[in-house]
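Going line by line, the protein sequences match chains A and B.
Mapped onto the working numbering, the consecutive letters of the first sequence carry residue numbers 1365 to 1617.
Mapped onto the working numbering, the consecutive letters of the second sequence carry residue numbers 1365 to 1617.
Keep in mind the hints are simulated off the structure, nothing from the lab.
Check before you lean on any hint, since a few could be wrong.
Chain A is faced by these chain B residues, among others (derived, beta-carbon under 10 Å) [stated by the list, open to error]:
1) GLU1421
2) PHE1450
3) PRO1464
4) PRO1465
5) PRO1476
6) VAL1484
7) ALA1490
8) PRO1491
9) PHE1496
10) SER1520
11) PRO1565
12) LEU1574
13) ALA1575
14) PRO1593
15) ARG1596
16) PRO1601
A virtual CB, placed ideally from N, CA and C, is assigned to each residue, including glycine.
There are 2 protein chains.
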Amino acid sequence: MSGKLFIIGTGPGNPRQMTPEARDAAAQATDFFGYGPYLDRLELAEGQRRHVSDNREELARAGAALDMAASGRTVAVVSGGDPGVFAMAAAVCEAVEAGPPEWRAIDLEIVPGVTAMLAVAARAGAPLGHDFCAISLSDNLKPWELIVKRLEAAASAGFVIALYNPISRARPWQLGKAFECLRTILPGTTPVIFGRAAGRPDERIDVSSLAEADPAKADMATCVIIGSPDTRIVERPGQQPLVYSPRFAEART
Amino acid sequence: MSGKLFIIGTGPGNPRQMTPEARDAAAQATDFFGYGPYLDRLELAEGQRRHVSDNREELARAGAALDMAASGRTVAVVSGGDPGVFAMAAAVCEAVEAGPPEWRAIDLEIVPGVTAMLAVAARAGAPLGHDFCAISLSDNLKPWELIVKRLEAAASAGFVIALYNPISRARPWQLGKAFECLRTILPGTTPVIFGRAAGRPDERIDVSSLAEADPAKADMATCVIIGSPDTRIVERPGQQPLVYSPRFAEART
């Protein structure tokens, strides 16, 4: 007997930014797996069970959820933002590939959500209005040299760059190094947005320049967006400036 | 007297994937600007007025909306997906920068949404589970050589690539050329996802390989996702395969 596994994106953290589809999926499940703060975003009914795990135990969590779904239950794995962007969907797929055949028979439904860079961009203007990339700055799962190679490639080709997982207690120097690397390629005037907890009560959106960007402005709840050389800042009297990347671009040499 | 301008992301097209925040914003506006099919996604009340324009008249539409907001009305500019990704938010910011000073005094609120690549990825597995980029294949606003440069940079550095605006009647050959370009860099086995109308009744998700990818499978409602050399396909008996990009990566030479 094979059950159902939802992988649910709860959005950036503001309940008004969670889709009805995500809410409906959560209403169907009996068992919830995830990092505590993401599970806290759902109001569970009596009889719906929480299985909390640490944020870094993705593969073990995926396996436990798949096991329970394979036994016939309706299970939800819960992510912040979108589950497909540096979150649980890839971990579940990895577990399915490596796991027993019955895991491949589970009815798997992934429910997308608003990912952090979109919520931050909306607060700042339209920094992702032109070609862009998303890079996780965590070197737990890939070598630091590969991250540097990607930063250089993206900046040199004119992509706007959204950095996920920019900093943590265990990874204190990576964001500073990333800024150093980008300063060798991009003008010091390039806009940098520190978008913390976008859409939540403790939101803080800070616009700086690459020359002056201070890694201490970021924490684990921050998504950092670094403009391209075309990204512009429009000052507005009495309001936050608008940061945007024009839709058009000229060839550069 | 200065009014309010919302820029609303309606998500991929399935009403269950539109956020409550977007719905609430739409309820407040009196005048709606946008491409007809996007406006059709909103159920407007009596007295709420539609101002339909062609899909390619973004800047004129932004100016008309700003003009009306500056006169004191509550206006909504409506995008599909997320308004910050190849959509109306950048056009409005451009218009604000070039326009009269009173446009800078308008209370501008951008409401994010689920963008197409996230909806397509959710249907296919987790192809965006590792570093990725988004490129608009439209060469109306940038030279084709710049697009080729970005495709090469992204593929060479191991980014998964999401292509927006892959094809149209006026741009019939670009997607085929993009595949040709990527075949010189990536293995022929690299997974390619054609994600059409994800989440809508006429959804069609097609998984192919770069060697066999046929541009004729894409239309204007399609987002194309091209994997990295690490992206994997997990076959499932009786179900669509899962396509995912592992969270971890090794350095490549």
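Check the structure against each numbered hint from earlier and tell me which ones fail, lowest number first.
1, 3, 11, 12, 13 and 14
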